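Novice: The listed protein sequences derive, respectively, from chains A and B.
The first sequence begins at 1 in the numbering used here and counts up by one.
The second sequence begins at 1 in the numbering used here and counts up by one.
If you're looking for bench data, these hints aren't it; they were derived computationally from the structure.
Keep in mind it's a predicted model, so treat the numbers as computed, not measured.
Please note that a few of the clues may not be correct.
What the hints assert, rightly or not - No more than 27 angstroms apart at the CA atoms, straight line, and that leaves these computed lysine-lysine pairs for DSSO-like:
1) A:K324 - A:K314
2) A:K282 - A:K339
3) B:K284 - B:K442
4) B:K213 - A:K115
5) A:K216 - B:K91
6) A:K466 - B:K136
7) B:K282 - A:K466
8) B:K91 - A:K466
9) A:K221 - B:K91
10) B:K35 - A:K466
11) A:K115 - B:K35
12) B:K282 - A:K339
13) A:K466 - B:K213
14) A:K334 - B:K35
15) A:K159 - B:K422
16) A:K466 - B:K234
17) B:K91 - A:K160
18) B:K35 - A:K338
19) B:K485 - A:K287
20) B:K136 - A:K115
21) B:K485 - A:K282
22) B:K91 - A:K140
23) A:K369 - A:K339
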Amino acid sequence: MKMAASAKKRTAGGKAERAELLPQRELRNIVDVVLRLAKSTDAQETEVHVDEAANALTRFANNGIHQNVFEHSVTVSVRTAVAGRTARASTNRLDEDSLRDAIASSLSLAHSQPKDPRLLPMPGKQRYRTVNRFVEATAKLTPEDRARAVRCACDLAVKKGQVAAGIFASGMTQSAVGNSRGLFASYRQTHSQFSITMQEDPAASWAKADSADVRKVDPQKLAGRASEKAHLAGNAEELQPGRYTVILEPAAVLDLLGFLFYDFAATAMQDMRSCLNERMGKQLFGKNISISDDAFHPLQQGAPFDGEGIPRQKVELVEGGVPKNLVYSRSSAKASGKKSTGHGFALPNEYGEAPMNLVFGGGDSSVEKMVASTERGLLVTRLWYIREVDPYEKVMTGMTRDGLFLVESGRVTGAARNFRFNQSLIEMLNHVEMMSPAVRATGEESFEMVVPAMKVRDFHFSEVTKF
Amino acid sequence: MWDLCTDALDTAKLRGASYGDVRVMHLRQRDLTTKNGQVGTLAQSESIGIGIRVLANGAWGFASTDRLTREGVASCAAQAVSIAKASALAKRSDVVLAPEKAYVDSWQSPFRKDPFEIPLETQLAVLLAADAEMRKAKGVTLTETNMQFRKIDSWFASSIGSRIHHRKVISGCGIGATSFQGGEIQKRSYPNSFGGQHALEGYELIESLELVKHAPRVAEEAAALHAAEQCPEKIGTLILAGNQLGLQIHESVGHPIELDRVLGQEANFAGTSFLTLDQLNKLKYASSIVNVVADARLDHGPGLGTFAYDDEGVPAQCTDIIKDGKFRGYLSNRETAHLIGLERSSGTMRTESWNRLPIIRMTNVSLLPGTWDYEDLIADTHDGILMDTNRSWSIDDRRYQFQFSTEIGWEIKGGKKARMLKNPSYSGITTEFWNSCDAICKFDHWKLWGTPNCGKGQPMQVMGTGHGAAPARFRNVRIGTAFSKQ
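Build the full structure now, drawing on both the sequences and the hints.
Specialist: Here it is in structure tokens:
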């Protein structure tokens with residue numbers, strides 16, 4: 001059995017070992033091996049994806065580490081096309097026999113279906129803009145480094161009479177896509193994330209940050225912030241449900257507005273399940289709302305190419321509150337008489353494409369200024385369990401969590417019990433009164449985006465819970 | 001595979017582990033979808049690797065790799081021990097496990113037709129036929145169908161001497177029709193939303209669900225919903241169809257009884273639970289007709305939470321959760337069982353794959369059947385609303401306050417099913433809701449529903465859970481809040 005590639009590990013001074021990613025030439029080698037093997041089949045075209053991940057995550061609760069994990073994997077995914085039909089098969093076995101099996105599985109699946117008249121030939125060679133999001137300091141982070149940072153955060157909790165829970169994650173990933181028409185693209189990045197919940201029974205608060213560069217994530221600062229807010233979150237008052245002015249911190253904005261992302265897919269429009277159907281070009285949101293998709297924004301992450309290897313482009317989705325453009329895969333672009341914007345998912349799929357690097361335009365305010373300008377309202381730390389109630393009016397439901405604060409006469413005067421909301425995002429984006437500059441935000445309900453904090457009037461809270 | 005397991009355990013012991021368990025898993029999956037009469041996804045995947053969990057210096061470490069060579073496995077085991085020793089730098093106290101015996105066993109889930117042996121053409125033909133039937137209905141703007149099959153082999157070995165092989169075959173399918181009309185999107189699904197019905201069965205499950213037969217009704221209802229009356233906003237009587245009740249059980253019983261949540265281990269992500277330890281055997285969780293069990297045994301049915309042993313080597317069990325309305329039990333593992341003084345784990349450690357740490361998960365958390373015939377239940381309801389097939393679900397991070405909406409509702413007037421209602425929703429507080437249950441249908445109407453998409457843990461793991469339910473009635477429920485314009 002001949003091996004196409006092998007991963008390596010190294011040992012550093014008796015400390016925990018860490019994986020190294022395959023050299024990028026090895027990714028190319030795997031792609032070339034698959035393309036060579038496919039030549040001896042009846043595949044007319046072949047596309048290969050190689051994805052490698054080496055991820056670690058240290059999890060803590062009750063002021064101590066309770067889970068601590070590491071994973072390393074390489075996956076090879078093969079798409080063949082034959083006589084107007086295409087299908088995909090994946091494996092994480094890298095020997096040539098297994099790769100040959102994956103090609104055969106892909107062909108078998110492809111042959112089993114009717115001809116697809118919309119299937120396009122695979123794209124040829126492309127040119128890519130370079131982005132560098134691989135940071136050695138992140139790649140070198142060890143379990144001991146993470147444990148020491150967690151220990152400091154937990155020590156703070158103990159000192160404050162609080163209980164800490166959270167994660168410190170780091171890792172590196174790389175991917176490559178190549179096809180039998182000569183296209184080849186590859187990309188690697190690092191990532192790090194620290195999230196902490198500080199509990200001061202029965203209250204709690206939370207802080208989280210995410211960056212390709214672990215040196216830009218400050219666990220102690222985040223722990224301190226969560227600790228201070230948890231202390232303020234005690235003695236929560238039960239308020240009546242109704243419409244309130246809210247100041248949404250960036251994580252709350254992200255988790256809520258993140259649910260809009262698929263509405264900007266051309267395929268969602270063609271399927272008539274986007275909230276933008278019959279609304280493109282109209283004044284749908286307030287004039288202060290602008291949204292773009294920009295994989296090259298300095299606060300964004302992700303590959304500069306899509307699932308077919310097409311270069312990503314920056315797309316202005318909303319300008320001055322008017323939805324102007326959608327994102328396209330090659331297939332949806334052809335159906336609409338447009339050009340691909342490089343947002344397609346790997347084929348075959350039924351969802352088409354989506355903007356994965358949303359950037360919301362911000363303002364020049366700050367959370368502090370928003371609080372100071374508010375006669376009566378609520379400051380929201382984060383939102384939780386958000387689900388879509390009405391897909392066209394884009395009504396979302398969910399809960400506030402880990403710190404809901406009452407604002408009166410320009411200052412925070414106490415904490416409030418958590419509310420359930422039922423709020424239309426379209427209505428909300430007509431009620432934005434102030435915004436901070438946009439920052440890279442991370443939450444739990446949507447993928448990371450660049451969003452501002454927002455002050456929003458008449459936000460609809462429908463019910464209150466018991467804490 | 002057993003040699004690899006033994007190598008991993010030997011290396012872990014040599015490096016200083018006081019306990020270790022390993023899982024070699026081989027997962028095979030096939031996904032088929034159609035949309036508007038065309039094939040959407042057509043994909044097959046396989047993944048094989050090893051996950052090694054160890055205790056060293058009183059703390060946990062876990063590492064996984066897909067390099068299934070002796071060198072790769074040894075390196076992975078050493079990595080797990082190194083990580084455990086790093087964990088010990090910030091441990092709270094030494095981990096102690098509740099006692100468990102060693103088992104040597106092999107188990108395969110029963111199925112009649114291996115879905116991977118059924119020709120793809122046959123499977124696609126069913127989906128395309130159902131898709132075509134739905135597209136015949138006027139007003140339908142989007143049709144979708146799906147099938148998913150999984151075959152999972154796992155080899156579990158632990159340092160206490162267990163060697164357990166599992167083979168599980170899981171099948172699932174569903175169809176859905178969407179209608180966009182007049183600034184409104186309505187959808188109907190069968191046999192359930194968000195992927196349909198899934199179970200620990202073979203292709204016989206797909207055949208039994210008769211997708212093509214149900215397709216016309218699904219499509220017609222999607223289009224008809226536009227003209228239906230809006231579900232009113234009121235406090236009233238609610239009847240839940242089994243598929244919606246399954247999700248209600250999942251969210252408001254299944255999650256709060258997870259002992260890791262109760263003990264604060266999920267405080268940063270999935271949340272905690274209102275079921276604090278002082279509530280056990282004291283809380284009146286529900287009305288006296290409500291009995292809920294967590295049952296992983298095959299006797300309970302071929303659910304997504306059915307197995308012979310959990311991923312910690314503990315045999316499948318049936319645990320009383322709610323007995324005659326009283327709160328009686330948690331879902332535990334060996335570590336949390338010891339922490340609260342239980343003699344033994346309830347056997348609920350489960351992992352998504354070889355590269356994920358086993359965590360406490362629901363098995364089959366089911367509401368046991370009651371005594372009512374469905375027809376009698378409707379006839380006995382003077383004024384109520386029947387809600388069917390989930391559309392949205394949300395609950396707070398301690399599992400008190402929830403809100404659900406469903407795809408369709410039906411007004412019940414004078415003991416009869418009357419007009420269709422659109423945009424139905426209901427909300428409440430968990431214990432108040434379950435204490436308002438006054439009727440549960442009997443076994444003839446009971447079905448073991450599969451929830452294939454339960455997310456928990458960091459890194460995220462998606463797990464399938466089972467929920468047996470028959471239609472049931474609840475009084476004085478807040479109805480219609482989700483669409484309130486207040």
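Novice: Check each numbered hint against the structure and report the violated ones by number, ascending.
Specialist: When the structure is compared with the hints, numbers 6, 8, 10, 12, 13, 15, 23 turn out to be violated.
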